[in-house]
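Chemist: For reference, the chains in residue letters:
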Amino acid sequence: MHDVNWVALSIFVLLFAFITWLGFAAARWRKGDLDQLHEWGLAGRRFGTLITWFLVGGDLYTAYTFIAVPALAFGAGAVAFFAVPYTIVVYPLLFLVFPRLWHVCNKRGYITAGDFVRGRYGNRWLALAVTVTGIVATMPYIALQLVGLQVVIGGLGVSGTGWVAELPLVIAFLILAAFTYSSGLRAPASIAIVKDLLIYITAFAAVIVIPIQLGGFGKIFAAVPHEKLLLAVPGANTTGAYGAYATLALGSALALLLYPHSLTAIFSASSGRAIRRNAALLPGYSFMLGLLALVGFFALGAGVAKLPEFAAGFKQFGNNFAVPALFLHFFPDWFVGVAFAAIGIGALVPAAIMSIAAANLYTRNIHCEFINRNATPKQEAQLAKWASLIVKAGALVFIIFVPLKFAIYLQLLGGIWIIQTLPALVIGAYTRWLNSWALLVGWAVGTYAGTAMAISQDLKPAFPLKLGDWNLPGYTAFYTLLLNLAIAVVLTLVLNALRAAKPVTDETVAADYHA
Amino acid sequence: MNNETDQRERGERSRWSWWYLLFLIQFIAVLWPPFYNRAEPALLGMPFFYWYQLACVVVAAVMTAIIYVITER
Numbered sequence: 001m002h003d004v005n006w007v008a009l010s011i012f013v014l015l016f017a018f019i020t021w022l023g024f025a026a027a028r029w030r031k032g033d034l035d036q037l038h039e040w041g042l043a044g045r046r047f048g049t050l051i052t053w054f055l056v057g058g059d060l061y062t063a064y065t066f067i068a069v070p071a072l073a074f075g076a077g078a079v080a081f082f083a084v085p086y087t088i089v090v091y092p093l094l095f096l097v098f099p100r101l102w103h104v105c106n107k108r109g110y111i112t113a114g115d116f117v118r119g120r121y122g123n124r125w126l127a128l129a130v131t132v133t134g135i136v137a138t139m140p141y142i143a144l145q146l147v148g149l150q151v152v153i154g155g156l157g158v159s160g161t162g163w164v165a166e167l168p169l170v171i172a173f174l175i176l177a178a179f180t181y182s183s184g185l186r187a188p189a190s191i192a193i194v195k196d197l198l199i200y201i202t203a204f205a206a207v208i209v210i211p212i213q214l215g216g217f218g219k220i221f222a223a224v225p226h227e228k229l230l231l232a233v234p235g236a237n238t239t240g241a242y243g244a245y246a247t248l249a250l251g252s253a254l255a256l257l258l259y260p261h262s263l264t265a266i267f268s269a270s271s272g273r274a275i276r277r278n279a280a281l282l283p284g285y286s287f288m289l290g291l292l293a294l295v296g297f298f299a300l301g302a303g304v305a306k307l308p309e310f311a312a313g314f315k316q317f318g319n320n321f322a323v324p325a326l327f328l329h330f331f332p333d334w335f336v337g338v339a340f341a342a343i344g345i346g347a348l349v350p351a352a353i354m355s356i357a358a359a360n361l362y363t364r365n366i367h368c369e370f371i372n373r374n375a376t377p378k379q380e381a382q383l384a385k386w387a388s389l390i391v392k393a394g395a396l397v398f399i400i401f402v403p404l405k406f407a408i409y410l411q412l413l414g415g416i417w418i419i420q421t422l423p424a425l426v427i428g429a430y431t432r433w434l435n436s437w438a439l440l441v442g443w444a445v446g447t448y449a450g451t452a453m454a455i456s457q458d459l460k461p462a463f464p465l466k467l468g469d470w471n472l473p474g475y476t477a478f479y480t481l482l483l484n485l486a487i488a489v490v491l492t493l494v495l496n497a498l499r500a501a502k503p504v505t506d507e508t509v510a511a512d513y514h515a
Numbered sequence: 516m517n518n519e520t521d522q523r524e525r526g527e528r529s530r531w532s533w534w535y536l537l538f539l540i541q542f543i544a545v546l547w548p549p550f551y552n553r554a555e556p557a558l559l560g561m562p563f564f565y566w567y568q569l570a571c572v573v574v575a576a577v578m579t580a581i582i583y584v585i586t587e588r
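Residue numbers (our numbering), protein chains in the order written: chain A, 1 to 515; chain X, 516 to 588.
These aren't lab readings, by the way, just hints derived from the structure by calculation. No experiment lies behind these values; they were computed from the predicted model shown. Warning: the hint list may mix true and false statements.
Said to hold, decoys possible - Restricting the straight-line Cα-Cα distance to at most 20 angstroms, the calculated cross-link-like pairs of lysine to aspartate or glutamate (EDC-like) are:
no.	chain 1	residue 1	chain 2	residue 2
1	A	107	A	469
2	A	228	X	587
3	A	219	X	555
4	A	405	A	33
5	A	385	A	33
6	A	315	A	166
Whole structure, please, built from the sequences with the hints as guidance.
Modeler: Here it is, written out as structure tokens:
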């Protein structure tokens with residue numbers, strides 16, 4: 001512990017103490033009966049436009065994003081900027097589809113995606129597929145949030161050997177587990193307000209102060225190697241880096257809102273109108289994310305990777321250390337404390353929402369569907385609280401004992417898996433024409449093919465698809481979604497032609513889908 | 516198709532607005548890299564590739580707000 005940055009650490013601990021208090025106090029905010037699952041797990045669906053903005057923003061733009069996107073810019077250059085088109089095209093989807101899902105879930109009392117699929121198609125196995133996909137895709141995502149926390153704790157100079165090294169992470173996680181258990185979704189919602197304000201302050205300070213010290217954007221970009229500055233222009237008969245960039249952005253956008261933590265935050269809004277307004281307001285975070293991607297270039301321009309005092313950090317955390325190193329280099333200690341707290345708290349907000357979302361899924365669509373169909377509302381809420389603890393403990397064990405790269409690989413696969421639930425959820429929000437068994441087969445084939453394709457590429461996101469003479473590298477999740485959709489449509493047509501399909505028992509009606 | 520389903524389908528379709536087609540502009544503007552994969556003209560030293568996409572965030576948000584106001588009436 002010889003090189004601890006005490007000033008920064010004090011500020012960091014102080015801010016953490018504040019949000020811990022806030023997390024527990026949140027139980028009394030917009031008070032509801034926390035023995036009801038929709039109160040604990042969706043905060044009673046009472047968040048208006050502004051709180052939803054903080055909550056969804058704090059949820060989707062995670063600590064890992066703020067570390068990993070600049071790290072990708074630092075390491076790979078222009079391709080990291082796909083985060084910007086990605087977070088542009090996601091909002092028309094939010095605007096058009098998710099108010100419909102919100103309305104039907106509100107009217108029918110659905111809490112999870114599994115609840116909706118079960119009600120819409122009357123097929124518990126399709127609901128189970130959606131549920132398991134959601135939980136499995138979320139787990140490594142929670143683990144990755146801890147990576148953000150680990151990196152900033154390392155940046156503060158806190159180190160040790162053996163179990164002591166993991167102690168700060170374990171403490172942060174116990175805090176997280178305790179306030180999530182007691183306050184449910186109200187805790188991350190209240191903490192998100194603090195987190196988002198800190199992140200905005202940090203991002204704008206970085207984008208204004210650092211370029212001035214480095215002598216302007218012109219100098220910074222002049223220091224970026226030519227091949228990293230722009231996308232490589234594709235050669236003949238290939239869509240090359242262009243196709244990869246566009247499908248990565250589009251596929252990621254299609255997948256993002258299907259994650260359980262996204263749906264949980266969206267369903268906790270108080271109206272469809274609050275969601276539509278947020279489609280216009282949330283790009284504020286996208287803009288900030290774009291600015292933060294540039295911070296990766298600042299780190300290149302400042303040459304932090306070559307400074308001896310950061311050698312140990314880069315050795316331990318790789319490119320993920322670029323942003324912390326840059327802050328340590330350019331900012332006074334007290335502001336480093338603020339910036340690192342922003343990232344650290346930024347890890348707890350999504351981790352809390354993710355664990356709540358996974359717990360809701362387990363409780364509603366596995367336990368109460370397959371294990372105990374007669375659970376009382378109180379038992380249901382209690383079960384979800386315990387499940388949230390188990391989910392978080394699992395993520396903690398994962399990050400301590402499994403090498404980091406596996407969490408990153410699994411999170412990448414998680415994107416490929418979660419996108420396979422799009423036909424049932426997004427198309428299901430408009431029509432139940434697609435047969436539920438056809439959807440299930442499409443899901444299974446898409447999941448299998450996506451996993452196999454990703455593994456064949458050593459878990460890189462792009463797959464080099466060949467069509468005739470053309471070479472079309474693109475995001476595996478996007479290609480397998482097309483395959484999934486094609487199978488669902490063809491099988492539905494076949495089943496309809498054979499008149500093999502039973503009539504659908506759809507408990508929702510058209511009026512459920514809008515105000 | 517019975518009467519109830521018929522009504523159901525109509526009810527779902529009635530929420531469509533042609534203004535939503537404006538969203539297509541956002542998709543085309545940012546998902547077609549040949550539009551913006553170049554360094555010039557730079558803005559305050561920032562290559563076109565970067566400031567164009569950042570500007571698109573602002574334009575897209577404003578367009579979404581306009582679509583919201585029009586369709587909410």
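Chemist: The structure should be examined with respect to each hint, and the outcome stated for every one.
Modeler: Structure-based check of each hint:
1. Only pairs whose Cα atoms come within 20 angstroms are accepted, and residue 107(A) paired with residue 469(A) is rejected, the gap being roughly 51 angstroms.
2. Straight-line distance between C-alpha atoms of residue 228(A) and residue 587(X) comes to about 44 angstroms, which puts the hinted pair past the 20 angstroms bound.
3. In summary, the hint linking residue 219(A) to residue 555(X) is supported, as the alpha carbons are separated by about 15 angstroms, within the 20 angstroms threshold.
4. Taken as a hint, the residue 405(A) and residue 33(A) pair is broken in the structure, with Cα atoms around 41 angstroms apart against an allowance of 20 angstroms.
5. For the hint pairing residue 385(A) with residue 33(A), the CA-to-CA distance comes to about 14 angstroms; that is within 20 angstroms, so the pair holds.
6. This hinted pair checks out: residue 315(A) and residue 166(A) have alpha carbons roughly 18 angstroms apart, not beyond 20 angstroms.
Consistency note: the structure conflicts with the earlier hints numbered 1, 2 and 4.
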